[in-house]
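Asks: Use these hints to put chains B and C onto chain A, whose structure you have.
Chains as they are written, first to last, in my numbering: chain A, 1 to 158; chain B, 1 to 281; chain C, 1 to 820.
Because the hints were derived from the structure by calculation, they are not lab data.
Check each hint, because a few of them may be wrong.
Sample of chain A residues facing chain B (criterion: CB under 8 Å; computed from the structure) [as the list claims (entries may be wrong)]: (1) ARG25; (2) LEU38; (3) ASP46; (4) THR47; (5) GLY51; (6) VAL60; (7) PRO61; (8) VAL62; (9) SER66; (10) ALA84; (11) SER113; (12) THR123; (13) THR125; (14) GLN134.
Across the chosen pairs, the derived CB separations fall in these ranges [as the list claims (entries may be wrong)]: (15) THR123/A - ASP534/C: 28 to 34 Å; (16) SER455/C - PRO91/B: 26 to 32 Å; (17) ARG152/C - SER256/B: 17 to 23 Å; (18) ALA245/B - ASP316/C: 31 to 37 Å; (19) VAL155/B - GLU723/C: 29 to 35 Å.
Pairs of lysine to any residue, SDA-like flavour, derived with a Cα cap of 20 Å [said to hold, decoys possible]: (20) LYS458/C - THR186/B; (21) LYS696/C - SER96/A; (22) LYS458/C - SER262/B.
The beta carbon of each residue, even a glycine, is placed where N, CA and C say it ideally should be.
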Amino acid sequence: MTPTTSLFVKVSVNGEEYEREVPARRLLVHFIRDDLDLTGTHIGCDTGSCGACTVHLDGVPVKSCSVLAAQADGAEITTIEGLAGEEQTPLQRSFSEHHALQCGYCTPGMLMSATALLEQNPTPTEDEVKIALQGNICRCTGYWNIVEAVVAAGKGSA
Amino acid sequence: MLLREVSYARPGTVEEAIELLAQNDGARALAGGQTLLNVMKQRAASPDVLVDLGRLDELRTISVSGTSLEIGAMTTLTSLIRSSEVEVTRPILAEVAATVADVQVRNRGTLGGNICVNDPTNHFPPLLVALDASMTIAGVGGERVVSAEEFFVGVFETTVQEGELLTKITVPAAGKGTGDGMSGVTLGAHGTYIANAAASVVDGTWRIALGCVGAVPVRATSAEKAFSGDVDDASARAAAKGVGATVDPPSDVHASAEYRRSLAETSIVRAVLQANERARG
Amino acid sequence: MTTTETETTTTPTIQKGFAGQSVPRKEDRRLVEGQGVFFDDVKRHGMGYLHFVRSPYPHARILSIDVAPALELPGVYGTLTGDEVAILTDPFFQIAAEPGGSMKDYALAVGKVRYVGEPVAAVVAETRELARDAAELVLVDYEPLDVVVDARRALDDDAPVLHEECGGNLTYEGVWEWGDVDQAFAEADHVVKISELHFDRFNSTPLELDGALAEYNRGTGQWTITTNNQFPGFAVIMMAPAMRVGTDKLRFVTQDIGGGFGNKITSHPQLVACCLLARKLNRPVQWTEWRTDFHQSMSHGNERWFLDTEVAVKADGTMTGFRTKALDDAGAYLRYEPLGGVIWSQVAAGMYGWRNIRLEFTQVVTNKAPCSPNRGYSRMQHLWFTERLADIVAQELGFDRVEVRKKNYVQPGQMPYETPNGCVYDSGDYPAALDLVLELIGYDTVEERRAEAASRGKLLGFGIGSTLDSGTNNFGQSQLINPDLQFSGNNEVATVKLDIFGEIVVTLGTTPQGQSHETTAAQVVADILGCDVDIVHVRAGHDSYWNSHAGFSGTYASQFAVTGLGAVKGATDMLADQMKTLASMVFQCPKEAIELADGFARIADNHEAALPFMALGAIPNANNAGFPVDPPPMNARFVYRPPFEVPDKERKFGNLTLTYSMQIHACVLEVDPETGVYELVDYAAVDDCGVRINPKIVEGQVMGATAHAIGAAMFESFTYDDEGNLLTPNFYDYHVPHTLDMPPLRTSAVESPSPFTPLGTKGMGEGGGGGIHAISAALQDALRAAGGAIVTDSHNPYHRVFEMLTHPDEARAKVEVSNR
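Extracted from the complex, chain A is given alone in its bound form (with noise of 0.2 Å):
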């Protein structure tokens, strides 16, 4: 086996197929923003550190600024443009009900976090809910309404 500076990967995202040669240190959210046209996911810092590049990888909540788009081959992934169908879900309803967005930029980060976290616990706590926040960093709600959201949404009473 020779390691090579560039590959294809072939991933499933938001249910759609792709497959792209990516140079081997491409990082995943460069993939999906740049490569694959899905600008919801973002970028807002360079240390792993804020959340804001969140998806699901094979069902779970990871950070695409920190896995290599070679290390997501043959993986599926859910971004941000993903969640809502024909409809948005209870919880992107229940963030704009509870004002739990202001420039929206931590957003689809937030959003996937909570997802993540409403498909393994449908009715969170408090604490549960700032638990599985935490590795998302926003700077303009101060994240008592968006903890109030996830928490109104797990209830059904978004």
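Replies: For chains B and C alone, kept in the frame of chain A given last:
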């Protein structure tokens, strides 16, 4: 933010991985990538070759063998947290894993990666030294086992050589009379440690390891020997007193050396009391 | 987690239709679906990606730059260096008079670098990674020079000089004095002296970094800059003369911006570099800033020392005056400075009624990142200072912390209140707001909680942080620091029209970064036109082509609710008048008989005679024959101008801001006396921003302000080492609050309408750092039981609290009380 050019390979077996590591100069194992990729973004380190361990499911097992808990090096922190084997045999590992960073990092970050990085502020190096863990390292010539203390060699440095791969971390299962504790100060909740201490008592014998104060975890041997019989607040404080003067911690934007020395002592007291309570319970 | 109760003290001045309701935001749909358009989302065929080569030295001469190795790399399109920039452009206009006015500032370093991270050259390549690689190949030869990092050393005789053309590191100095300060001190019963207070350097680290996509049209010489600069009015004034082009050649386009907080005002040097390269390379050029770049080079908040402060106090606790020397650290260049040298004076008195004030303001440059506005720009520093004075005076002289504030606050009966320097506080009841926040936080249980915490070995502290948010600047203030400047007043623009099918379309001159302009503007329009808020379409973002901007257009300085909504109201009133006129022409009745309601223009006494908006829109657009006079165009543009005079430059006197919002924060925290680690356990905030168009949006702003204050107080600092290296260059070491760091929060709102604004609203976005003041006070309160250290720094990470616990005398040594 953007990595330098790198070559990449994705072996299917541990043998293939070792071969790749041995045959390629400047090759590094890529586990969860939560540290390594971010270091590469800063261009603080730029390996020539990345050997992606992602397909090596054989390194993801957690099992109990006799009185030992065996954790594959590629076990993610999330898996540690969810593992019933860990919960039953050495729950401190899961408790500490749950305080590392955040869910996303824990979903990808691995125990092996965490200790191979050996960042002096990482959670697991001092904990594993306190637990008297051992590490299995595989190479072209076979396997070797080292103690946790032998494993950690310097800042960002372990005894894993070029062409070798950490495959397993073995931790003694906690029997009756065993108690573990870990305490420290972090930069914000679940943040990076500024100072910490991990303490473990097994049938009255103490192991106490300090993180953040040296290139590698430091055993607080004077404190360990100071306990005889019951441990309480007063004896814990007496044991910890003076330990700060024996270490040479760094000064940085978050803490002066003097502050770290003081925090080290306080962390010992709290970790010891935590461990003591659990040993009794 | 939060509850909000509303108290309205007086009847609002506008009819409550949609205004006053927490209408859901129009912005949300696209943002929750990931369909927002932030500048980095925009792509152009053939675009090149730009990476800046940045200085590793804090101070050095540039001996040579060799870009040839970079150009050899396949995929590299071109480069730009300071030498080229110095030929192609003129230095940026300087706001400062001498000596700062002589400073030469360009898009790239010319001849010298003055801070680590300063852009020295730019490389454009086919991919982001290639541009980054190529940047590493550029060879720059530096001759390192000595460094000055501490502002207190910048004016020493032997201090290294950053800008030789300025003759030294001084950029601005001025004495600001009103009342009779000497007399106040002569009559004082007590004088409290504080040798040093320090407001630390940090900013708001918006999650989205700066950046732009610059396109150049060779045929017309026009640039289109898709960016997230939040003050395009300022950017074009700086860029156009430097680039030797007319301002209309710089078209600014913004849509969604991921947070600004003032930190996206001074990207114009980088934007010039992008524009020059777009023209040179004949392709669109895209620059994305990375987090480390931002921390090292962009928009630090002003660091300010208050030295040799003295407060004159009467026996009954009345604070009659203060004097101090403010030393402001502007970083390496003046990008918006020295406006900070006057803007603090909008709140010179803070919330207090003292009439005798003397402040000697000195601003210097140092080898650190250039400062730019940051939330509560230049007011926050000063408000922290005045609040520290109240707190320290109370503690040292044995007065009750609540009573001292109530006694010294400007009283509601005095509103509108003219401060010693002629600013007018428009409205507000500060004592009542203080009572409200004390009730919210359960002030009467504090001592009980303190005892309970002590039983757990913790030191409990309670603190109040009262603060103002002055909004809608009078840019005549600039003349107080440079009398030759030709800026005064303020403005904002809006257009409203009915399209051919009757659609209502609104354009703003603002550049919102989360402040919900589309929503609140729609609420105001809907109420005036008598229609549903859902049919009011407000265009997202800003575009120079819309011609709905003026010289001060942008979103900054807490003013949208006044200037932006003032412009919206003005334009909509005009449109409403046009609609009524046209309806009256159609129905051949007097205009006064027409009302706008339920989505129609109709005769008030006869609802059968009703025209839908589509009918009105169609007439001037497509069906205008047969009218004896021109039907009104159904299209209005309004420039809102706040009522300001040019201030008196001699006395430094005059009204500098139109509105004054107020927030009072209270917090309870627990300190671990063994480690200095502390935790916020309870928190409350009361806000008064006049009439609230959308209460939930206002509350969101208060929450955001709280979070920023907590970050600044506990975690965030741009700390440098002695060699000029930034020790917190990214989120690894610069910790910002995450969910688990936030305390429980209760908020409440009071509405004291502004008598000066079209809608009774006040600009309220930034919050004046109330939480920083509250945490400083709470820490000091906690430490009373353990050495009694005085808090003299705005930034109190654990290590500083530990210092105060272990060396309280050093902290106390800065305070001295003398009694008559």
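Asks: Each hint: holds or not?
Replies: Against the structure, the hints come out as follows:
1. ARG25: Where the cut-off is 8 Å and the nearest Cβ of chain B is about 4 Å from ARG25/A, the hint holds.
2. LEU38: violated, 18 Å
3. ASP46: Cβ of ASP46/A sits 4 Å from chain B, so the hint holds.
4. THR47: Holds. Min distance 5 Å.
5. GLY51: holds, 6 Å
6. VAL60: With a minimum Cβ separation of about 5 Å from chain B (threshold 8 Å), the hint on VAL60/A holds.
7. PRO61: Interface hint status for PRO61/A: holds (5 Å vs cutoff 8 Å).
8. VAL62: Holds. Min distance 5 Å.
9. SER66: holds, 5 Å
10. ALA84: Status violated, d = 22 Å.
11. SER113: Holds, about 7 Å.
12. THR123: Where the cut-off is 8 Å and the nearest Cβ of chain B is about 18 Å from THR123/A, the hint is violated.
13. THR125: violated, 15 Å
14. GLN134: holds, 4 Å
15. THR123/A - ASP534/C: 28 to 34 Å: Holds, since THR123/A and ASP534/C (Cβ atoms, about 32 Å apart) stay within the stated range.
16. SER455/C - PRO91/B: 26 to 32 Å: holds, 30 Å
17. ARG152/C - SER256/B: 17 to 23 Å: This hint holds: roughly 21 Å between Cβ atoms.
18. ALA245/B - ASP316/C: 31 to 37 Å: For ALA245/B and ASP316/C the Cβ distance comes to about 52 Å; the hint is violated.
19. VAL155/B - GLU723/C: 29 to 35 Å: Violated, since VAL155/B and GLU723/C (Cβ atoms, about 21 Å apart) do not stay within the stated range.
20. LYS458/C - THR186/B: holds, 18 Å
21. LYS696/C - SER96/A: The given pair, whose Cα atoms are some 11 Å apart, holds under the 20 Å limit.
22. LYS458/C - SER262/B: Holds, at about 17 Å.
In terms of the numbered hints stated before, the structure departs from hints 2, 10, 12, 13, 18, 19, listed from lowest to highest.
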